[in-house]
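**Q** Sequence:
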Amino acid sequence: MKKFAAEFFGTFALVFAGTGAIIINRVSGGAVTHVGVALTFGLVVLAMIYALGDVSGAHLNPAVTLGFFAARRFEGRLVAPYVASQTAGALLASGVLRFLFPGNQTLGATLPAGSAMQSFILEIILTSLLMFVILGVSTGAKEKGITAGVAVGAVIAFEALFAGPISGASMNPARSFAPAIVSGHLEQLWVYLTAPILGALLAVPGCRCVQPAGCCVRAQAGTC
Numbered sequence: 001m002k003k004f005a006a007e008f009f010g011t012f013a014l015v016f017a018g019t020g021a022i023i024i025n026r027v028s029g030g031a032v033t034h035v036g037v038a039l040t041f042g043l044v045v046l047a048m049i050y051a052l053g054d055v056s057g058a059h060l061n062p063a064v065t066l067g068f069f070a071a072r073r074f075e076g077r078l079v080a081p082y083v084a085s086q087t088a089g090a091l092l093a094s095g096v097l098r099f100l101f102p103g104n105q106t107l108g109a110t111l112p113a114g115s116a117m118q119s120f121i122l123e124i125i126l127t128s129l130l131m132f133v134i135l136g137v138s139t140g141a142k143e144k145g146i147t148a149g150v151a152v153g154a155v156i157a158f159e160a161l162f163a164g165p166i167s168g169a170s171m172n173p174a175r176s177f178a179p180a181i182v183s184g185h186l187e188q189l190w191v192y193l194t195a196p197i198l199g200a201l202l203a204v205p206g207c208r209c210v211q212p213a214g215c216c217v218r219a220q221a222g223t224c
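If you're matching positions, the sequence shown starts at 1 in the numbering used here and goes up one per residue.
Read the hints as simulated data drawn from the structure, not as lab findings. Glycine residues also receive a C-beta, built at the ideal position from the N, C-alpha and C atoms. Mixed in with the good hints, there may be bad ones.
[Unchecked claim] List of simulated lysine to aspartate or glutamate pairs, EDC-like, C-alpha gap at most 20 Å:
#1 K3 to D54
#2 K3 to E75
#3 K2 to E75
#4 K2 to D54
[Said to hold, decoys possible] Now the in silico label distances, taken between C-beta atoms and shown as ranges:
#5 V96 to T147: 27 to 35 Å
#6 G30 to V96: 19 to 27 Å
#7 P102 to A51: 26 to 34 Å
#8 E187 to A80: 41 to 49 Å
Full structure from sequences and hints, please.
**A** Here you go:
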């Protein structure tokens, strides 16, 4: 239960701070700036990895959980509870933001700036790069330690910096699902539910190609 609670609180923090930054940037007339929003997402993930990495692994993302499972670093029986905890934390965060900013229409929901296919391909590539880094710096199914926090937070920040204006740089089904459900903006939600999962799964064979012993080279004993 501690693992599930950690995923719940960690994903709550991610969605509350990240989408909250988007909302406050709009409410304040751009005071946060696009750079500030990107850094907020990166920094809150970095902080949660340090705070929760030893408890649950600080996945905070259903796509990451499924990526770890595909890499044989994570038990199948824990996948559904992890995803449920992450989704619940994200929904609570969006609910709180709806209460605080009732006039905001989208609550930081991810919406394509161009075509749906453009954002779909972008999200696949972005999430694949993110999962590739996570598999390289994590131990077993845990994102923990100085290296993991900095590396993962940096990837999220720089991907949000350059791709955010086009696809929203979600890379996380829970992060996109919650504000879409609470705000009622369900258009193109399929992009952000499917593309990150596909991207995370594609990162696994990529990791096996690069690392001499495959993705399991950094895994804990007995998990592969």
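**Q** So, for every hint listed, does it hold in this structure?
**A** Hints, verified against the model:
Taking the CA atoms of K3 and D54, the gap is near 9 Å; set against the 20 Å cutoff, the hint holds. For the given pair, K3 sits about 13 Å from E75 by alpha-carbon distance, which is consistent with the 20 Å threshold. Using a Cα cut-off of 20 Å, the hinted pair K2 and E75 holds, with the two alpha carbons roughly 16 Å apart. With a CA separation close to 11 Å, the supplied pair K2 and D54 stays within the 20 Å bound.
In this structure the hint that V96 and T147 lie 27 to 35 Å apart at CB holds, the actual value being about 32 Å. Restraint check, G30 to V96: a C-beta distance of roughly 23 Å satisfies the suggested window 19 to 27 Å. In this structure the supplied range 26 to 34 Å holds for P102 paired with A51, their Cβ-Cβ distance being about 30 Å. At about 27 Å, the beta-carbon gap between E187 and A80 misses the expected band of 41 to 49 Å.
Violated hint: 8 only; the structure is consistent with all others.
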